[in-house]
Amino acid sequence: MGRGGNAAGDRRGGDRPERQLFALLGDGSRGTVATAESLTGGGVAARLTAVAGSSAYVLGGIVAYANGAKADLLGVPPEILETRGAVSAECAQAMAAGARLAFGSDWAVATTGIAGPGGATARKPVGLVYVAAAGAGFDEVEEHHFEGDRAAVTAASVEAALRLLLAAVVAGSRNAPREQGRDDH
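UniProt numbering numbers the first residue of the sequence shown as 1 and each following residue consecutively.
No wet-lab data here; the hints were simulated from the structure. Wrong hints could be hidden among the right ones.
In the SDA-like style, the derived pairs of lysine to any residue whose C-alpha atoms are separated by at most 20 Å in a straight line are [to be verified]:
no.: 1; residue 1: K124; residue 2: A155
no.: 2; residue 1: K124; residue 2: R150
no.: 3; residue 1: K124; residue 2: A152
Per label pair, the in silico range of CB-to-CB distance [stated by the list, open to error]:
no.: 4; residue 1: D27; residue 2: G148; range: 35 to 41 Å
no.: 5; residue 1: A120; residue 2: A52; range: 37 to 43 Å
no.: 6; residue 1: R150; residue 2: A52; range: 28 to 34 Å
no.: 7; residue 1: G75; residue 2: A120; range: 25 to 31 Å
no.: 8; residue 1: E82; residue 2: A46; range: 27 to 33 Å
no.: 9; residue 1: D72; residue 2: A50; range: 27 to 33 Å
Since this is a predicted model, take the numbers as computed values, not measurements. All residues carry an ideal CB built from backbone N, CA and C; glycine is no exception.
Work out the full structure, taking the sequences as your base and the hints as a guide.
Structural data, given as structure tokens:
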């Protein structure tokens, strides 16, 4: 958290990405968000919805832990799961696009990775995480290598996802035409 957790802004939560998203999206007239989560198991959605008033812009989330759920609920192509794997940039990107489509949201964020302690390989170690965000004019995937136990990897993944979602919303807000109100939601 930018100021080391000791500043008053951090204690109040003002610097947290979910609070910044609330400041940007407010009543939902400036956009909506959705989540698709694997290793974070709903942690991103939990942080988003912990903010009072977030129901105006958080449409929902899908926890797709199993590959079948990623394919069936989020439309991740089986070819990606077979050739690249569930822990891949391509899978994260497809999950974000699938959540956006499933909920009809303006932006979506997705997480996939290996929290540990098991499930790792030489090519995909514990702590390897992909987060993706998708929205109009924004499609980005980040690869992270987090350290620590399962809880630490999961917490770091949630934070990374929220920060990437915030970047997507900020970018979308800069590119969006300035108009009063929307009637498409």
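Quick rundown of the hints versus the structure:
With a C-alpha separation of about 19 Å, the suggested pairing of K124 with A155 holds against the 20 Å cut-off. About 15 Å separates the Cα atoms of K124 and R150, which keeps this hinted pair within 20 Å; it holds. Between K124 and A152 the alpha-carbon distance is near 17 Å, which keeps this suggested pair within the 20 Å criterion. The beta-carbon spacing between D27 and G148, approximately 38 Å, falls within the hinted interval of 35 to 41 Å.
In this structure the supplied range 37 to 43 Å holds for A120 paired with A52, their Cβ-Cβ distance being about 39 Å. R150 and A52 have their C-beta atoms about 30 Å apart, which keeps the hinted 28 to 34 Å range intact. For G75 and A120, the Cβ-Cβ distance of about 27 Å falls inside the hinted range of 25 to 31 Å, so the restraint holds. In this structure, E82 and A46 meet the distance hint of 27 to 33 Å, their C-beta atoms being roughly 31 Å apart.
Separated by about 28 Å at the C-beta atoms, D72 and A50 satisfy the suggested range of 27 to 33 Å.
This entry satisfies every hint, going by the numbered hints stated previously.
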